[in-house]
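Produce the complete structure using the sequences and hints provided.
2 protein chains.
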Amino acid sequence: MNTIRTVEASSHIGQQVRLTGWLHNVRRLGGVSFVVLRDGWGTIQAVTESEADLAPIAELSLESVIALTGTVVATPQAPGSVELHQPQIEVITPVMEPAPVPLQQKRLKAGLPTLLDHAVVANRHPERRAVFRLASGAMAGFRKTLRANHFTEIQSPKLVASATESGANVFKLEYFGGDAFLAQSPQFYKQIMVGVFARVFEVGPVFRAEPHDTTRHVNEYVSLDVEFGFIENHFTVMAMVRMVLAGIFQTLAEGYAEELELLKANLPEVPAEIPHIHFAEAQELIWQRHGVDVRGEPDLSPQDERWLGEWAQQAHGSDFLFVVGYPMGKRPFYTHPDPQNPAYSNSFDLLFRGTELITGGQRLHVYADYLAALEKANLPTEPFETYLEAFRYGMPPHGGFAIGLERLLMQLLGLPNLRLATLFPRDQKRLTP
Amino acid sequence: MNTIRTVEASSHIGQQVRLTGWLHNVRRLGGVSFVVLRDGWGTIQAVTESEADLAPIAELSLESVIALTGTVVATPQAPGSVELHQPQIEVITPVMEPAPVPLQQKRLKAGLPTLLDHAVVANRHPERRAVFRLASGAMAGFRKTLRANHFTEIQSPKLVASATESGANVFKLEYFGGDAFLAQSPQFYKQIMVGVFARVFEVGPVFRAEPHDTTRHVNEYVSLDVEFGFIENHFTVMAMVRMVLAGIFQTLAEGYAEELELLKANLPEVPAEIPHIHFAEAQELIWQRHGVDVRGEPDLSPQDERWLGEWAQQAHGSDFLFVVGYPMGKRPFYTHPDPQNPAYSNSFDLLFRGTELITGGQRLHVYADYLAALEKANLPTEPFETYLEAFRYGMPPHGGFAIGLERLLMQLLGLPNLRLATLFPRDQKRLTP
Numbered sequence: 007m008n009t010i011r012t013v014e015a016s017s018h019i020g021q022q023v024r025l026t027g028w029l030h031n032v033r034r035l036g037g038v039s040f041v042v043l044r045d046g047w048g049t050i051q052a053v054t055e056s057e058a059d060l061a062p063i064a065e066l067s068l069e070s071v072i073a074l075t076g077t078v079v080a081t082p083q084a085p086g087s088v089e090l091h092q093p094q095i096e097v098i099t100p101v102m103e104p105a106p107v108p109l110q111q112k113r114l115k116a117g118l119p120t121l122l123d124h125a126v127v128a129n130r131h132p133e134r135r136a137v138f139r140l141a142s143g144a145m146a147g148f149r150k151t152l153r154a155n156h157f158t159e160i161q162s163p164k165l166v167a168s169a170t171e172s173g174a175n176v177f178k179l180e181y182f183g184g185d186a187f188l189a190q191s192p193q194f195y196k197q198i199m200v201g202v203f204a205r206v207f208e209v210g211p212v213f214r215a216e217p218h219d220t221t222r223h224v225n226e227y228v229s230l231d232v233e234f235g236f237i238e239n240h241f242t243v244m245a246m247v248r249m250v251l252a253g254i255f256q257t258l259a260e261g262y263a264e265e266l267e268l269l270k271a272n273l274p275e276v277p278a279e280i281p282h283i284h285f286a287e288a289q290e291l292i293w294q295r296h297g298v299d300v301r302g303e304p305d306l307s308p309q310d311e312r313w314l315g316e317w318a319q320q321a322h323g324s325d326f327l328f329v330v331g332y333p334m335g336k337r338p339f340y341t342h343p344d345p346q347n348p349a350y351s352n353s354f355d356l357l358f359r360g361t362e363l364i365t366g367g368q369r370l371h372v373y374a375d376y377l378a379a380l381e382k383a384n385l386p387t388e389p390f391e392t393y394l395e396a397f398r399y400g401m402p403p404h405g406g407f408a409i410g411l412e413r414l415l416m417q418l419l420g421l422p423n424l425r426l427a428t429l430f431p432r433d434q435k436r437l438t439p
Numbered sequence: 007m008n009t010i011r012t013v014e015a016s017s018h019i020g021q022q023v024r025l026t027g028w029l030h031n032v033r034r035l036g037g038v039s040f041v042v043l044r045d046g047w048g049t050i051q052a053v054t055e056s057e058a059d060l061a062p063i064a065e066l067s068l069e070s071v072i073a074l075t076g077t078v079v080a081t082p083q084a085p086g087s088v089e090l091h092q093p094q095i096e097v098i099t100p101v102m103e104p105a106p107v108p109l110q111q112k113r114l115k116a117g118l119p120t121l122l123d124h125a126v127v128a129n130r131h132p133e134r135r136a137v138f139r140l141a142s143g144a145m146a147g148f149r150k151t152l153r154a155n156h157f158t159e160i161q162s163p164k165l166v167a168s169a170t171e172s173g174a175n176v177f178k179l180e181y182f183g184g185d186a187f188l189a190q191s192p193q194f195y196k197q198i199m200v201g202v203f204a205r206v207f208e209v210g211p212v213f214r215a216e217p218h219d220t221t222r223h224v225n226e227y228v229s230l231d232v233e234f235g236f237i238e239n240h241f242t243v244m245a246m247v248r249m250v251l252a253g254i255f256q257t258l259a260e261g262y263a264e265e266l267e268l269l270k271a272n273l274p275e276v277p278a279e280i281p282h283i284h285f286a287e288a289q290e291l292i293w294q295r296h297g298v299d300v301r302g303e304p305d306l307s308p309q310d311e312r313w314l315g316e317w318a319q320q321a322h323g324s325d326f327l328f329v330v331g332y333p334m335g336k337r338p339f340y341t342h343p344d345p346q347n348p349a350y351s352n353s354f355d356l357l358f359r360g361t362e363l364i365t366g367g368q369r370l371h372v373y374a375d376y377l378a379a380l381e382k383a384n385l386p387t388e389p390f391e392t393y394l395e396a397f398r399y400g401m402p403p404h405g406g407f408a409i410g411l412e413r414l415l416m417q418l419l420g421l422p423n424l425r426l427a428t429l430f431p432r433d434q435k436r437l438t439p
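Chains G and D are the protein sequences, given in the same order. What the first sequence shows, in the numbering used here, is residues 7 to 439, in sequence order. What the second sequence shows, in the numbering used here, is residues 7 to 439, in sequence order.
Hints should not be assumed to be uniformly reliable.
To be verified - Under the rule of at most 30 Å between Cα atoms (straight-line distance), these lysine-lysine pairs were calculated in the DSS-like manner:
(1) Lys178/D - Lys178/G
(2) Lys336/G - Lys382/G
(3) Lys435/D - Lys178/D
(4) Lys382/D - Lys178/D
(5) Lys435/G - Lys178/D
(6) Lys270/G - Lys270/D
(7) Lys336/D - Lys115/D
(8) Lys112/D - Lys336/D
(9) Lys270/D - Lys382/D
(10) Lys115/D - Lys150/G
(11) Lys435/G - Lys115/G
(12) Lys382/G - Lys178/G
(13) Lys270/G - Lys150/G
(14) Lys178/D - Lys336/D
(15) Lys382/D - Lys150/G
(16) Lys270/G - Lys115/G
(17) Lys435/D - Lys115/D
(18) Lys178/G - Lys112/D
If you're looking for bench data, these hints aren't it; they were derived computationally from the structure.
This is the structure in structure tokens:
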């Protein structure tokens with residue numbers, strides 16, 4: 007008898023099957039007992055009126071690892087519409103004490119510190135597990151869309167020689183008697199690799215030593231990075247953002263319906279063209295609609311973003327809004343200015359339901375422009391020497407963007423804290439589990 | 007007119023097309039000039055007898071970024087069997103000085119230090135690029151095979167609280183006034199996540215502070231990690247290794263023929279069942295065949311592995327050989343012993359053409375066994391507290407393996423140094439580019 011997965015049971019009606027997993031719950035209703043097995047994909051319930059059937063687990067705690075054999079019966083009122091009858095339970099690994107979080111609850115009732123301290127076990131709960139299954143699906147959809155568009159995957163080094171990109175907020179480590187730093191992003195490497203593959207993407211960890219203790223910051227996260235050449239300007243990049251987001255949500259819709267339903271997630275529609283507004287117009291709009299004069303501010307506040315999100319919903323029926331043309335002063339030195347108005351940049355943020363999700367834009371590509379930009383930013387050229395080599399020997403107009411995987415999940419699922427979208431979060435006070 | 011990629015030209019015979027890329031080479035033969043454009047995927051040559059056609063690039067160096075318009079003509083003797091006629095060249099980004107490595111050479115003639123110092127540019131060479139395109143294909147084949155077998159992708163943290171796994175050879179960093187370490191592998195997290203998803207994989211960087219200066223070591227590499235539950239023993243894991251390798255090589259065969267041909271790579275046949283030999287028998291075999299008495303040694307030497315590789319080829323016609331049952335003393339504390347002979351382990355190495363490529367095995371899964379193993383290894387339990395929580399609350403028999411991406415490429419392509427299979431290698435003396 008082959009072992010099947012819980013989610014395959016409905017294709018085996020009337021057959022005897024074997025399943026393996028964890029003892030998720032045991033309930034007694036009158037003389038009837040329900041034994042729920044959870045495997046890596048779902049749960050299934052076995053029903054019996056015989057106490058003898060339960061004897062193997064009588065002394066054991068939930069989370070014991072078991073094999074369950076029985077006959078699959080279609081049962082419309084059961085969860086998943088199937089049940090196992092005449093169950094036989096075999097214990098694989100007995101557990102003798104109750105888990106630190108009550109995994110058998112439909113909704114896991116535990117405070118954030120408990121959830122995080124015991125994430126090793128808490129992530130087994132179907133709702134917590136669904137978050138990270140969706141993370142897996144988002145990565146798959148991201149890669150699938152880009153590969154179909156002739157992008158090549160790279161894995162760039164995370165150990166770097168200097169805290170070049172922004173200077174601050176970088177982790178330093180001892181490296182064979184000298185210092186090294188952890189990459190804050192693959193920015194320089196993905197640009198360099200445009201010179202090799204023309205179109206590249208990377209999925210990998212980035213490290214930010216930011217001392218922020220907020221619900222929206224962690225110190226290590228997964229960045230979905232894209233960079234490609236031969237663009238017209240940032241609008242070419244924004245069209246790719248749209249395609250990638252549509253690909254991610256399509257992948258989730260097609261392959262992750264159960265997880266989305268369990269989490270009551272509302273997949274957004276990605277419009278054929280995502281609306282955009284210029285940074286200066288956005289500030290003007292906020293002044294006119296809300297009477298708050300943010301004109302001339304160098305950046306948008308979270309409240310500004312929420313207002314713009316509302317406006318995008320009302321004016322365009324869109325969960326998404328590009329804000330384009332951020333002032334050059336707030337963007338990194340490699341940002342390409344707007345040729346018509348060099349105080350503004352060919353960059354963008356994508357707001358998703360009123361919160362920034364993606365940052366991107368066109369980069370400088372001419373060697374002399376880099377030298378001028380570094381001088382203007384009062385930065386020395388020496389730490390950038392190898393990066394600059396890419397531009398010295400020919401780079402096309404190019405640009406790209408980055409999506410924070412955990413932030414995408416947080417916003418998609420309406421989670422109150424980024425840590426709940428992070429498998430094992432790292433913050434100022436947390437390095438375990 | 008749409009811009010096409012070089013590799014698409016043969017589907018546009020007789021049409022006028024536009025291509026964009028780098029000026030890869032210019033050659034003159036009598037009155038005929040050949041202009042070679044390289045894009046992110048291949049090269050194409052344009053032919054002209056008119057000097058005027060070349061005027062836009064007359065003063066420029068190779069690697070200038072250009073657009074090339076012309077008519078595609080089938081030309082069996084040309085590289086790629088097509089040429090562009092009546093070319094028009096438009097300069098996108100001019101380059102004024104020759105590249106630090108001669109990219110236009112068919113085989114890139116440069117010493118290792120030059121290749122590595124100038125990797126930013128050297129990786130543009132078609133042969134160097136092909137290595138990293140194959141890396142991309144190997145990752146894709148790895149993921150595709152595992153997803154088809156119901157594995158879920160995870161991204162585990164690289165910042166960890168203690169140098170737990172082996173103690174030595176770990177990078178330490180300053181973390182908000184305390185210390186953190188860089189993960190040497192996702193070992194603990196992938197095991198923990200078997201408790202959540204039953205079957206998991208990860209592709210990500212690992213960090214080894216090993217002070218080795220050899221052709222086979224770098225200090226950061228990409229690890230392809232697999233872990234799954236409900237196994238019989240290490241032979242279940244070895245069957246999965248076989249499936250994953252076959253999937254990787256099939257993906258390369260189907261989608262990367264040009265790169266393989268360019269690098270004269272010889273894809274191995276993965277036998278339906280990869281032969282295996284017990285560690286003790288392997289030592290006996292070496293004694294009998296080569297008269298070197300390695301019996302009782304705790305590990306195999308590189309020479310031992312080469313001899314065993316030769317034997318696998320002669321006795322089984324196989325590029326691959328599993329050596330199983332390594333002595334427990336040389337394996338990490340979480341290794342599952344051989345129940346029949348507890349001095350040996352349920353672990354394996356896979357030799358590929360006489361060199362170790364993959365290490366894996368069955369792990370302990372019973373909580374009490376972990377406590378005993380830590381005590382035997384003289385390790386405290388406290389740094390392992392959250393890891394142990396997984397086993398305290400029910401883990402199935404499980405195991406897994408890890409493939410070093412760069413080592414796979416090195417052995418597949420017969421490269422003399424692991425650094426040549428690494429995009430931007432990190433070693434004791436090298437943190438740039």
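Each hint tested on the structure:
no.	hint	result
1	Lys178/D - Lys178/G	9 Å, holds
2	Lys336/G - Lys382/G	14 Å, holds
3	Lys435/D - Lys178/D	18 Å, holds
4	Lys382/D - Lys178/D	26 Å, holds
5	Lys435/G - Lys178/D	17 Å, holds
6	Lys270/G - Lys270/D	52 Å, violated
7	Lys336/D - Lys115/D	42 Å, violated
8	Lys112/D - Lys336/D	46 Å, violated
9	Lys270/D - Lys382/D	49 Å, violated
10	Lys115/D - Lys150/G	36 Å, violated
11	Lys435/G - Lys115/G	23 Å, holds
12	Lys382/G - Lys178/G	27 Å, holds
13	Lys270/G - Lys150/G	25 Å, holds
14	Lys178/D - Lys336/D	25 Å, holds
15	Lys382/D - Lys150/G	47 Å, violated
16	Lys270/G - Lys115/G	17 Å, holds
17	Lys435/D - Lys115/D	23 Å, holds
18	Lys178/G - Lys112/D	41 Å, violated
Checked against the numbered hints above, the structure violates hints 6, 7, 8, 9, 10, 15, 18; every other hint is satisfied.
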